[in-house]
Amino acid sequence: MTATLSVNRQKYVRLANRIVVKAIETEEEYDRMVAAVEQLMNKGEENQSAEESALLETLAILIQAYDERHHPLPETPPSEMLAYLMESSGRATKDLLPIFG
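Under the numbering used here, the residues of the sequence shown are numbered 55 to 155, in order.
In case anyone wonders, no lab produced these hints; they're calculated from the structure. Incorrect hints may have been included.
[Stated by the list, open to error] Straight line, CA to CA, 27 Å or less: simulated BS3-like cross-link-like pairs of lysine-lysine:
| # | residue 1 | residue 2 |
| --- | --- | --- |
| 1 | LYS97 | LYS148 |
| 2 | LYS76 | LYS65 |
| 3 | LYS97 | LYS76 |
Given these sequences and hints, build the entire structure.
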């Protein structure tokens, strides 16, 4: 979001109650929250109300918290991560020259 908009509390609560916004505890709840995020994102930022934007941000925080608890990323040295990303995208060391010189 680029601008802070005034959120109507009643409208926000109505939106949040449709989804039942709470800490995500199961994969089913996770899937439901992700579907709600996708629906809001498909609407487009310029077409979202202040309440929808606030709800989207809240859902993203809840989803991130669930992911960090249930699907943590392994500790990987930066060099290994870079090698993996380069290999998976078909890049070579020479492709980094424009970035790092």
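Hint check, failures only | 1
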